[in-house]
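Once you've looked at the hints, go ahead and assemble the two chains, each given alone in its own frame, into the complex.
Here is how the chains run, residue by residue.
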Amino acid sequence: MNSVILRAATRLLVTLMLLFSLFLLWRGHNLPGGGFIGGLFAASSFALYGIAFGPDKAREIVRVSPTTLCGAGLLAAVAAGFLGLFASKPFMAGVWGSLGGVKVGSPLLFDIGVYLVVIGFTLGVLLTMEEEERA
Amino acid sequence: MTMLLAVLSGFIMATIAPQLVRWIRPVAGWLFAILPAALFAYFASHLDVVRAGAPVHVVVPWVPSLGVDLAFYLDGLSLTFALLITGIGACVMAYAGGYLKDDPYLGRFYFALHAFMAAMLGVVLSENLFTLFIFWELTSFSSYLLIGYKHEKQGSRDAAIQALVITGMGGLAMLAGFIVLHAAVGTASITELLAGGDILRDHPWYHGILVLVLAGAFTKSAQFPFHFWLPGAMQAPTPVSAYLHSATMVKAGVYLLARMNPVLGGTPVWEITLTTFGAVTMLVGAIVSLMKTDLKLVLAGSTIMALGTLVMLIGIGTEAALLAAAVFLVVHSLYKGALFMVAGAIDHEAGTREIPLLGGLRKTMPLTWIAACVAAISMAGVPPLLGFVGKELIYEAMLEAPRMTLLLLFVTVVSNVFMVTVGALVAINPFAGAPGATPKKPHEAPAMMFVGPLLLAGLSLALGLATLPKDNFFAASFALPVAASLAGREVDAYVYLWHGINLAFVLSVVTVVSGLIVWKAWERVRPLAAALDPYIFAGCERGYQAWLSGLLRVAAWQFGHLQSGYLRRYLLFVFGTLVVLAAPLLMLRGLGDLAFEPIDGVLYFYELLLCVVIVLGAWGAMRAQRHLTAIILLGLVGYAIALLFVAFGAPDLAMTQFLVETLTVILVALVLIRLPGFRQRSSTVTRARDWVVAVSVGVVVTVLLLAITSTPLSMHLSEFFATRSVPEAYGRNVVNVILVDFRGVDTMGEITVLAAAAVGIIALLRLRAPRRRPEGRGDEGLASPGGTVDGTQGSPAVEGEDEAIVGPQAQEVRS
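Read top to bottom, the protein sequences are chains A and B.
Just so you know, we're using the working numbering here: the first sequence kicks off at 204 and counts up by one.
Just so you know, we're using the working numbering here: the second sequence kicks off at 3 and counts up by one.
So that you can see chain B by itself, here it is in the shape it has in the complex (with noise of 0.2 Å):
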């Protein structure tokens, strides 16, 4: 119970966070780096029990009758990663109540914030893989929310929408891997599928269950060619990239791997591919660092890199890369998550990214240059930071791997030369040389901004010195469980800082060495890299692109065929489908033992009169000359349905019935009380088809109807109900107790239809524009969903979008 409250604890106080903001603004930073910090300790406290290898395993049971639970799964993996997303994430909560102390939209970054928290928590603890899709989902959106923050900016939205879109698919292409894999093996629960050994990889849907899930990993983790979201995700607020687009979201995919490797993993297939889109990305990744100016998208290319790095490690799939993945996302988590930081403070501070403008800012931003340094370092790879241990464990596992050895060998070597050369850019080009021509004269940033990455930067450091001994505490909380989740079983290695001088080693000093060479050239380096830009960057963007206008085109022309703003139209498509395709069938019943039942019994007056009234207003609303009779007639005919409702014997049903007649007619009236009367516009033509179409409707539904009450109906669920309502759920009115109770998801689901509706219909009724009303159309102009909402703003598709809807209005009011 405390495991599920520690991922709820996030969506809780993601909704009370924007009431918080309010009162506590100045301190908010702070108090929120609370939770994140708590949650921290309390997975801390899990660590002896992961690192004597016994996984916790919690089930809150959900639908027990279908065997669906709530299941959670604290392995090394997951126990690793929830400490980074809680340590980091205290570390962000603070950073951002300094970096957006004065926004107006404060709280509802507050809010994303730490439902992306919950969520990404969410991802990696749960043990059933449908859960994990949930939460999947929702980082997304909490990722699209934040990537938009600044929705005020066309640049922001875009990038939003780019993320989502390329996210959402791979997602949805996931789910579908889930289904399939679940259909095949009959489970989805991680345990059970760790404990299967080789019956996905030996399954004949294996390679479709393959493709479907890398394709959701692939585009969360920015493996290329989906790498391009990632530096337009850099339009979101600097904490966010610290966090999301780094640290902790970026690496759901590697997550994903990283959980089925022992599962998917071990065949060529497997291997061949996992290895291939690692080492390219991370040299497109390096491109990308080098030909940008702008220190956020720098960094956003050395975290592509990054990501490259791990999905080739686990793609090569030996013990040696296994471990040295493990080590690696602990050190990038560390390094990158604190550079992100020291670039948003000299944002926040200098007002400028763009690395050319800056310099001079070590005197004064001093606590901010020595943890850039520290972090730097780190990422350069030299001792005694952490980074040297990763860096040190990749090379050894690269210069091991079985397949393709020297060019996958040769491809690390030079990503991580530029990674190099990224540390240095960071660290030594804005904090040395003389001042530059800042927009803002630079002061030290505020308490809340420094601390984070001093604190990230320093953990770099002190884990790094605790690998001088053989048997260390890192290698056995960290570095060894999460390789043992890897691998799914035990791995038995060292992890320790020095290694004596071996090949490794001077592979090191010749990264290093020649990282710095780079970096001194870099003014002349830079156009090159540059040069590659339409083939690695830009073009993959245009690729999206196109593809995306290409599917605004098709949806703009089924549009303007379907969504024609008609409702005859509408009540034509729904009621021919529905004679379409209730006809056939009825016919294939066979109609010969249909008949209506005499009555039996009496029947009464009202009975009679009340059918009478019924035709009588269905006809007279058919007649009427102006719409408020007609609506007033249909309200007549709602009643009396209302009324045999109480003669059968249905109060509550009729109870609902009047007031929602009630209720339409209002609203009705609302809409048309100010049109004129009818008016005899469409030709003979039209009127027959209409009539054809009434009454081919009314006599499908009459048959339809003596169809249903010549069957048998089975009482098995009514007398289900009708035993169960008082003794188990308490209330006699067995409606409303299935409602609320023995049904309440699916009203849950209902309710939240009926609100995302609500809001729908507000916005869309407020936000609709001046509305073009050419002269002649009558009523019809009334339908007309023409007017754009965001004339001015209309990209290409938008207005094309509007051109196939006039069309066929244009082709109806001729006719």
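Chain A extracted, bound-state conformation (with noise of 0.2 Å):
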């Protein structure tokens, strides 16, 4: 879409969006949020920037391919499933520890797999499906 408007203000959301996407995918334990949520938002950050610069762009600035993201998301959620068998406790039971004074736990490395499986799903939908209706 060729839009001075949408281009100038995408550049200053996309920041903004992935940055409050981050912010729920964190806080998502204790209030409204999540991995899943916050995947959604990042994602629109991303469609968003598709639909002002073009898919080629988008996936520019998103760098790894969606198919990749969805890997990777999986692996950390799965990893997070074996940290409570390593642990000595069953699978995907939580292990929590303390990281400067911030509790952390492998549902938040689950979470975080969540979070990214949804943004390459989106996208990967999104961009290819983009990228086939201008061809």
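Calculated from the structure, these hints are not laboratory results.
All C-beta atoms in this analysis are idealised placements derived from N, C-alpha and C, irrespective of residue type, glycine included.
Among the clues, some could well be false.
Listed next, the in silico SDA-like pairs over lysine to any residue satisfying Cα-Cα at most 25 Å (straight line) [stated by the list, open to error]:
hint, chain 1, residue 1, chain 2, residue 2
1, A, 292, B, 4
2, A, 260, B, 587
3, A, 306, B, 726
4, A, 292, B, 63
5, A, 292, B, 359
6, A, 306, B, 728
7, A, 292, B, 68
8, A, 306, B, 722
9, A, 292, A, 302
10, A, 292, B, 735
11, A, 292, B, 719
12, A, 292, B, 730
13, A, 292, B, 193
14, B, 103, B, 32
Covered stretches of chain A (in silico footprint by chain B; criterion: 3 or more residues with CB under 8 Å from a CB of chain B, positions within the stretch not fixed) [said to hold, decoys possible]:
hint, segment
15, 232-243
16, 260-267
Away from chain B, derived, C-beta distances all over 10 Å, residues of chain A [claimed, not checked]:
hint, residue
17, 210
18, 215
19, 219
20, 225
21, 226
22, 254
23, 256
24, 257
25, 280
26, 304
The following block contains the structure:
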């Protein structure tokens, strides 16, 4: 779409939206948010970029291919599951520790996995469709 | 925990192998051999414990609340298998580094090979039948990837699918058998089954379970009439043939039979079925090996022969037969792995595997020749190699077989004669005489490729020599513990090289001499064997093809009717099913008590406004003249519903709904933006039908909701999550805690589906061939699935499918 206003606004918005999506991901355990919502939000920011600048540019700023994101996400989620196993608890049992005074646990890693898979799925479908329509 | 790591390490290595190959390609073979070698050492450290007769039992709790554990079990049988898998694995990993040195997909290859190694370890170490099944299927998948490795060749792809379909069908039958078994005796734990005595044999479902389990074992171990997939699998690169399709994977079926022998075996049905199938398979394998000229196919035939021998020995079930099976298992893996690697080295250096073209390689490839000779002599069963020990034991067992003694003895001698012939064909023909007319000028294979076969051949010799004394290392560590696992009790016997001149030895001499005579007359015998091809080999394969194309025809028929490619048809089916299934149930329940509950408290103005917006939006979407207008109005409906969620205190749900609506509008707009406006194409009858469906769906859903709200809600789960969320999962957002912690496994399943769907959708979008867009189709062309992806190489089945799709579409256009 060839609109100067949209492009200018998008440049500002994309960063903000991405930050907000991370914020949603982080706070999800205690307040509304989480990996799924955060992932959708991040995907919408890239989708907006895709509409403003075209799918090729959107792929450039994502850098990684959407399917790789899906794979990385699954890997993170499975790894989170195995953390429990290696801590001599059942598979998927939460393992919690402290990182600089902040409580972090394997559910966060799992949620990051969900976040990545959701971004990968949405972007993969959206950008490919956009490219096919332009072709 | 180390046991878990031992199994998982292969999978971990598999995921990083493709990246590693980029850095270490020239020495990839040596480096990848380290992990299997380390695992070999790890398993070898258990030899003492297992030799003492105490199986190692490791339990990792998985879902303790449901009593599901990840348990491993290491006794004589599984330890010997584990050592074969890791030991031959190390040789093959190194070998593949040389064999596929410049292959662009080497990373992919090592991925599948490591995954296979780990899965195969899982099969032989699983303590639970269901865990065993999962690893079993993983070996089938990795075998599929490896057979189809040269994926640009039609032959490779067909062979890969054939192997997957046959072993996969058997695997599913086996799973059904395990489920019935579990239902029958209430446990799937191997230790509990072994301790259960006659519990399964006396059960009324015994025969059903037996048939299903045998279907799994026979398909995997290429027993007649499923044997034809194994020669097909020779399309795989030779390291794979050496590893999967001779030394390890095809023995998974034998492993299962061996494992189940103390539980399922010992009945007349078991004995007769196994000996019959085993004996027939031996003969079939012998004929296959005689009629081929390709080194690998000759060896594949002899592998079928060996698998038949093992099944037959387990079927006979006497202590002598089980001991012979235990020894022959090791003997065969060692010499066959080596011979396959030799065949691959010849192919790699001379450019062909056709026996008539080869000759005189002993001067150019001396080390490979030595390995070939030692392995072939072990195969032929000549002292002092381990093969001799194995064959003597087999003959002794056959001489005292309780049933059909003479017939089985005859079959065994005949197939062993052919084993000698095969050995001579592989070790003498390519190496002796004058240099053949080979496509490449041969020279010695690189070190990566001769170390493995030399090592395995050397082991055949060393272990053979080790059996000189009556009490020896080989018998104590391998033969007797494996036989004990097979028999389910201690086996007290001696395994040693020289038994003196007895009937078995005379038979051995006769075998070797006749084998050499057949080898001399090979040129004349081969056409005779080839004449049998239509009955024993091509015939079975044709049966499979006919079955497969019949299956595809049925699929194409139902595909044409159900999967029409029109969204409106799908919606009709989905909504129609909902109405047809839900309406009678609601009627049965009775509708008398349903009523719209009066609103207690105040109805706020904005709530009413949202409802009005939803109704108007839906109506507007229906009446819209342009696609874009309709989409945006639908988005409006979605947003209004999300706002209702906000009003009723479900922020997570609302936020998700907002985002999904936004993305849906973008997605649908991308697809539909180019389309012309709506035009009325449907007949009045069609529209009336759609009205009926729409109104009935509306009514059914409304009644359904009323029925749900009038049922008192059970707060049990809500309370559980609300009270446990903070103390046990440290999270105050209950929704998210449920998603990532309490029910994390569900979410894991969902994101796996999501990722798989993404790959599928992207592939479909990308692969869309130039589509036929017949004129006058208008917006219908968009939903057409008609274009074949594989237009150029479409098999008849694919074309048939295509026609079936065109049929109903044509009708639709006419109506």
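Each hint tested on the structure:
1. A:292 <-> B:4: Roughly 15 Å separates the two Cα atoms, so the pair holds.
2. A:260 <-> B:587: With Cα atoms ~53 Å apart, residue 260 of chain A and residue 587 of chain B exceed 25 Å; violated.
3. A:306 <-> B:726: Holds: residue 306 of chain A and residue 726 of chain B sit about 18 Å apart, inside 25 Å.
4. A:292 <-> B:63: Roughly 7 Å separates the two Cα atoms, so the pair holds.
5. A:292 <-> B:359: Between residue 292 of chain A and residue 359 of chain B the Cα gap is close to 61 Å, so the pair fails against 25 Å, i.e. violated.
6. A:306 <-> B:728: holds, 13 Å
7. A:292 <-> B:68: It holds: about 14 Å lies between the C-alpha atoms, which stays within 25 Å.
8. A:306 <-> B:722: Measuring from Cα to Cα gives roughly 23 Å; hence the hint holds.
9. A:292 <-> A:302: Holds, at roughly 21 Å.
10. A:292 <-> B:735: Given pair residue 292 of chain A, residue 735 of chain B holds - Cα atoms ~24 Å apart, limit 25 Å.
11. A:292 <-> B:719: holds, 24 Å
12. A:292 <-> B:730: holds, 14 Å
13. A:292 <-> B:193: holds, 23 Å
14. B:103 <-> B:32: holds, 12 Å
15. 232-243: holds (count 10)
16. 260-267: Contact hint for the segment 260-267 of chain A vs chain B: violated, 0 residues under 8 Å.
17. 210: Its Cβ never comes within 10 Å of chain B, the nearest being 17 Å, so this holds.
18. 215: holds, 18 Å
19. 219: Given a closest Cβ separation of 16 Å, the condition holds.
20. 225: holds, 15 Å
21. 226: Holds, since 12 Å exceeds 10 Å.
22. 254: violated, 7 Å
23. 256: holds, 15 Å
24. 257: Check passes; 12 Å lies beyond 10 Å.
25. 280: Its Cβ does come within 10 Å of chain B, the nearest being 6 Å, so this is violated.
26. 304: Consistent with the label, residue 304 of chain A stays out of reach of chain B, its closest Cβ about 14 Å off (over 10 Å).
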